[in-house]
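Chemist: From first to last, the protein sequence lines stand for chains S and W. Note that the UniProt record's numbering has the first sequence beginning at 1, numbered continuously upward. Note that the UniProt record's numbering has the second sequence beginning at 1, numbered continuously upward.
Each hint should be verified, as a subset may be incorrect.
Stated by the list, open to error - With a Cα cut of at most 27 Å, we get these calculated DSSO-like pairs of lysine-lysine:
| # | chain 1 | residue 1 | chain 2 | residue 2 |
| --- | --- | --- | --- | --- |
| 1 | S | 279 | S | 340 |
| 2 | W | 340 | W | 313 |
| 3 | S | 279 | W | 169 |
| 4 | W | 305 | W | 355 |
| 5 | W | 109 | S | 127 |
| 6 | S | 169 | W | 279 |
| 7 | S | 279 | S | 355 |
| 8 | S | 423 | W | 351 |
| 9 | W | 127 | W | 169 |
| 10 | S | 169 | S | 55 |
| 11 | W | 372 | W | 298 |
| 12 | S | 351 | S | 340 |
| 13 | S | 43 | S | 98 |
| 14 | W | 127 | W | 98 |
| 15 | W | 43 | W | 98 |
| 16 | W | 43 | S | 43 |
| 17 | S | 98 | S | 109 |
| 18 | S | 169 | W | 355 |
| 19 | W | 43 | S | 169 |
| 20 | S | 423 | W | 109 |
| 21 | S | 112 | S | 55 |
| 22 | W | 43 | W | 112 |
| 23 | W | 55 | W | 169 |
| 24 | S | 122 | S | 102 |
| 25 | W | 127 | S | 122 |
| 26 | W | 43 | W | 109 |
| 27 | W | 43 | W | 55 |
Calculated from the structure, these hints are not laboratory results. Keep in mind it's a predicted model, so treat the numbers as computed, not measured.
Number of protein chains: 2
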Amino acid sequence: MLTLGARCWLPALRFYSSAPRASARLSVRDALGAPGASGERVKVQGWVRSIRSQKDVLFLHVNDGSSLESLQVVAESSLHSRELAFGSSVEVQGQLVKSPSKRQNVELKAEKIEVIGNCDAKAFPIKYKERHPLEYLRQYPHLRCRTNALGSILRIRSEATAATHSFFKENGFVHIHTPIITSNDCEGAGELFQVEPSSKIKVPKENFFSVPAFLTVSGQLHLEVMSGAFTRVFTFGPTFRAENSQSRRHLAEFYMVEAEISFVENLQDVMQVMEELFKAVTMTVLSNCPEDVELCHKYIAPGHKDILEHMLKNKFLIISYTEAVEILEQASQNFTFTPKWGTDLQTEHEKYLVKHCGSVPVFVTDYPLAIKPFYMRHNEGGPPHTVAAVDLLVPGVGELFGGSLREERYHVLEQRLDRLGLKDDYQWFLDLRQFGSVPHGGFGMGFERYLQCILGVDNIKDVIPFPRFTHSCLL
Amino acid sequence: MLTLGARCWLPALRFYSSAPRASARLSVRDALGAPGASGERVKVQGWVRSIRSQKDVLFLHVNDGSSLESLQVVAESSLHSRELAFGSSVEVQGQLVKSPSKRQNVELKAEKIEVIGNCDAKAFPIKYKERHPLEYLRQYPHLRCRTNALGSILRIRSEATAATHSFFKENGFVHIHTPIITSNDCEGAGELFQVEPSSKIKVPKENFFSVPAFLTVSGQLHLEVMSGAFTRVFTFGPTFRAENSQSRRHLAEFYMVEAEISFVENLQDVMQVMEELFKAVTMTVLSNCPEDVELCHKYIAPGHKDILEHMLKNKFLIISYTEAVEILEQASQNFTFTPKWGTDLQTEHEKYLVKHCGSVPVFVTDYPLAIKPFYMRHNEGGPPHTVAAVDLLVPGVGELFGGSLREERYHVLEQRLDRLGLKDDYQWFLDLRQFGSVPHGGFGMGFERYLQCILGVDNIKDVIPFPRFTHSCLL
């Protein structure tokens, strides 16, 4: 062991500085934020986003994904070369100086420009100086992240993910990885994907899990397991629906943020967390990615900034399902589906309700028992034939959250499962009510719809890195 | 809209305090950490973990999952009731006072104890005062989280998840949700799960995605897409292998932390991040969950504390694959598989190497090209017939990380894909090298193996909430 000698030890160097270098390596974001910019010698790496050649001077903009803004590079014409073109990757060494222009604080006075990887402009589907429509970019899932629009959306998605984890951690929630493959069908929806070993494998197919296995449609039932031990739990992961839909609001694979809270007293306890989550995550995103959000609100969804501000500064409204149906029945608008107590709200109804409520997000509570899943808590003593369910409707998107109190009473749940012929399959779920049951409730939020809602992005396929839907599974 | 009236507004109250209450509601963790404990009136909710009745006094321990430690409740005997038993859920109101005992700082002098949910002790598989073996608990995936052992492991898992996200965020990595359903087979391993709409659905099965679709085995190729736009990206999500294995180190569904870094200069740049990640996350876990880690190191894996400290305080070692084979060839131990240059390292070899290196994690680098996947970078000018691959071997677990530099040279990659007959399928992957290609590299870490490694938990099924493996998909 000792014979391995000194060269075997990983040298105790700082992160990323594995060899001594003449110039400090900086990300574009750090270079742009450099306080003095007083001739510091640095090295910046990234992709050329624009190039402008004058008689004596060459201007480049270099972007490395660390921010929307690129770093301006100024060089003598002699540093130009044929390979230096839009889309190519470069390493630039030089001095970070104060920019004489008002358009940026800092620029890089290049001493050396090295082209790392060429870019064949003719074949490159992203064209210099063109603002490609999002639909066009969807054809190139492997390249669209190189545009300003997708770059901004993906940085915002990353920031919103981090903010979601922080929100729950700060509020004492334990994170649980609920399973992706499951033998349950939580919603009874039937729109399930089934999982089997690929035919290449020698194991007899039917036998891999010994039971039929599906992709999860919700982590709720598994979170309910955990709420018998932890009073606050959450999960944030992929969920699946084999829906034959090409709608701008549906995907076959999408992300859900789900939480479950034990010892809740009423639906307001749950709604409070939903509103807090929405506002806290959004405020963090606005404060950490202002330029990225501005891009969306300026070029993708003009006018959306005001809509979002209106949502944030107002308390969310609460109406009951029964009131909602009354409002719809009294509406002067003609609906394709006539609103009627006992039937589900349609997209056109959701839109009308949000508008009616002044484009503030609105909680609709206490839905008919008959149209909701078995696990929701029966409102005894409350509005008749209803369950303690709540949906949050938001402008532009419709249903963003769904939640409920869960039926924690053993005998009520047992009866309901028995009537549905599900008692044997859900004995474990009944067990949770047999051993120290507690009143609990929770919710799920569609993460892509959340991003659509705050950014104003019309099509859900543009707020997820690799969208999966009917007839499409690119890469 | 105005007619909705004041009652529609969600009252502006603090988180969780939706109604005025006599006593402040506290989590057990907050109650235990209350600084003064000077008779403050509080309400605590949770599950009874122990109960001891003396002539005049009743002692309870109440746990709510917020910490391993329970809160001691002291009450007059008159507050006892038949329903108050091990496993039942309770709400206790009273005064938080300094405890006369040395075993805790604080105790709750109960004024009112309400049993919320009974617990049928006979039917409850978890027995009072018994320390059930982990194998026994595996039979009850819906109840095992109610034990100290699983409670601690799940809190640690949650903390390690948060620490992983923080590590990457602080180091400028953008989080990417790589897809779960994919038309690729990254490793060419063949042990894939296939995804199809369940037979209940009316859509012609073959047509859902128009192509065969599988569950991902790694997010790497999709991260490589992103490293053409962002210099640092990571993903942390579920991955799948249809391996017919019941081993203590394999699952059909497990979590991977994967990162990809652009403009790397060599393998050391990648190893540096691997070591930093391991150490930073572990230090955070140790500092945020000391009692939970102590439980594991005391009852589940005695002696493991020293093993972990030894890993943390030493620099990880580096040896080449070629050196590793030499060490194995010179070993006095008889191996089942004879070590030989050009073949994969077996578990027995990995174990020997780690021991040989003084039980410090060891990076093994530069593997034979012939046994590694097509995307790894050929070491031209380096050790002959090798690729710039690296595995990190750790005590007890074996391979914890796998990483490599990726082949960024268009023509080298094209040739290799052509030879494998994969050129058409991976044209998009070649595209990444045609438009501003950059040297890049990355790694993946098995998250469950990481938890096994730091906690000393022998079986991987005990560090994931709901394990999936051959013949088992419970709940």
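Chemist: Take the hints in turn and mark each one as holding or not.
Modeler: Do the hints match the structure? See the list:
1. Between residue 279 of chain S and residue 340 of chain S, the direct Cα distance comes to roughly 33 Å. Violation of the 27 Å bound is thereby established for this hinted pair.
2. Using a Cα cut-off of 27 Å, the hinted pair residue 340 of chain W and residue 313 of chain W is violated, with the two alpha carbons roughly 33 Å apart.
3. About 21 Å separates the Cα atoms of residue 279 of chain S and residue 169 of chain W, which keeps this hinted pair within 27 Å; it holds.
4. Among the hinted pairs, residue 305 of chain W with residue 355 of chain W is consistent with the structure: their alpha-carbon atoms are about 17 Å apart, no more than 27 Å.
5. With a CA separation close to 72 Å, the supplied pair residue 109 of chain W and residue 127 of chain S exceeds the 27 Å bound.
6. For the hint linking residue 169 of chain S to residue 279 of chain W, the alpha-carbon distance of about 21 Å falls within 27 Å, and the restraint holds.
7. Only pairs whose Cα atoms come within 27 Å are accepted, and residue 279 of chain S paired with residue 355 of chain S is accepted, the gap being roughly 20 Å.
8. Straight-line distance between C-alpha atoms of residue 423 of chain S and residue 351 of chain W comes to about 48 Å, which puts the hinted pair past the 27 Å bound.
9. Of the pairs offered as hints, the one joining residue 127 of chain W and residue 169 of chain W is violated, with about 43 Å between alpha carbons and a cut-off of 27 Å exceeded.
10. For the hint pairing residue 169 of chain S with residue 55 of chain S, the CA-to-CA distance comes to about 57 Å; that exceeds 27 Å, so the pair is violated.
11. Restraint check for residue 372 of chain W and residue 298 of chain W: not satisfied, since their Cα atoms lie roughly 40 Å apart, outside the 27 Å limit.
12. A distance of roughly 16 Å separates the Cα atoms of residue 351 of chain S and residue 340 of chain S; the hinted pair therefore holds under the 27 Å criterion.
13. A hinted pair counts as satisfied when its Cα atoms are at most 27 Å apart, and residue 43 of chain S with residue 98 of chain S qualifies at roughly 16 Å.
14. The straight-line distance between the Cα atoms of residue 127 of chain W and residue 98 of chain W is roughly 30 Å, outside the 27 Å bound, and the hint therefore fails.
15. For the hint linking residue 43 of chain W to residue 98 of chain W, the alpha-carbon distance of about 16 Å falls within 27 Å, and the restraint holds.
16. Restraint check for residue 43 of chain W and residue 43 of chain S: the C-alpha separation of about 58 Å exceeds 27 Å, so the hint is violated.
17. Simply put, residue 98 of chain S and residue 109 of chain S have alpha-carbon atoms about 10 Å apart, close enough for the 27 Å limit, and the pair holds.
18. Straight-line distance between C-alpha atoms of residue 169 of chain S and residue 355 of chain W comes to about 38 Å, which puts the hinted pair past the 27 Å bound.
19. The hinted pair formed by residue 43 of chain W and residue 169 of chain S meets the criterion: a straight-line CA distance of about 22 Å does not exceed 27 Å.
20. Restraint check for residue 423 of chain S and residue 109 of chain W: the C-alpha separation of about 42 Å exceeds 27 Å, so the hint is violated.
21. Taking the CA atoms of residue 112 of chain S and residue 55 of chain S, the gap is about 19 Å. The hint holds against a cut of 27 Å.
22. Restraint check for residue 43 of chain W and residue 112 of chain W: the C-alpha separation of about 9 Å stays at or below 27 Å, so the hint holds.
23. For the hint linking residue 55 of chain W to residue 169 of chain W, the alpha-carbon distance of about 56 Å lies beyond 27 Å, and the restraint is violated.
24. Restraint check: the Cα-Cα separation between residue 122 of chain S and residue 102 of chain S comes to about 34 Å, which exceeds 27 Å; the hinted pair is violated.
25. Distance restraint check for residue 127 of chain W and residue 122 of chain S: the Cα-Cα separation of roughly 72 Å exceeds the 27 Å cut-off, and the hinted pair is therefore not satisfied.
26. For the hint linking residue 43 of chain W to residue 109 of chain W, the alpha-carbon distance of about 11 Å falls within 27 Å, and the restraint holds.
27. Between residue 43 of chain W and residue 55 of chain W the CA atoms are separated by roughly 25 Å; this keeps the pair inside 27 Å, and the hint holds.
When the structure is compared with the earlier hints, violations turn up for hints 1, 2, 5, 8, 9, 10, 11, 14, 16, 18, 20, 23, 24 and 25 and for no others.
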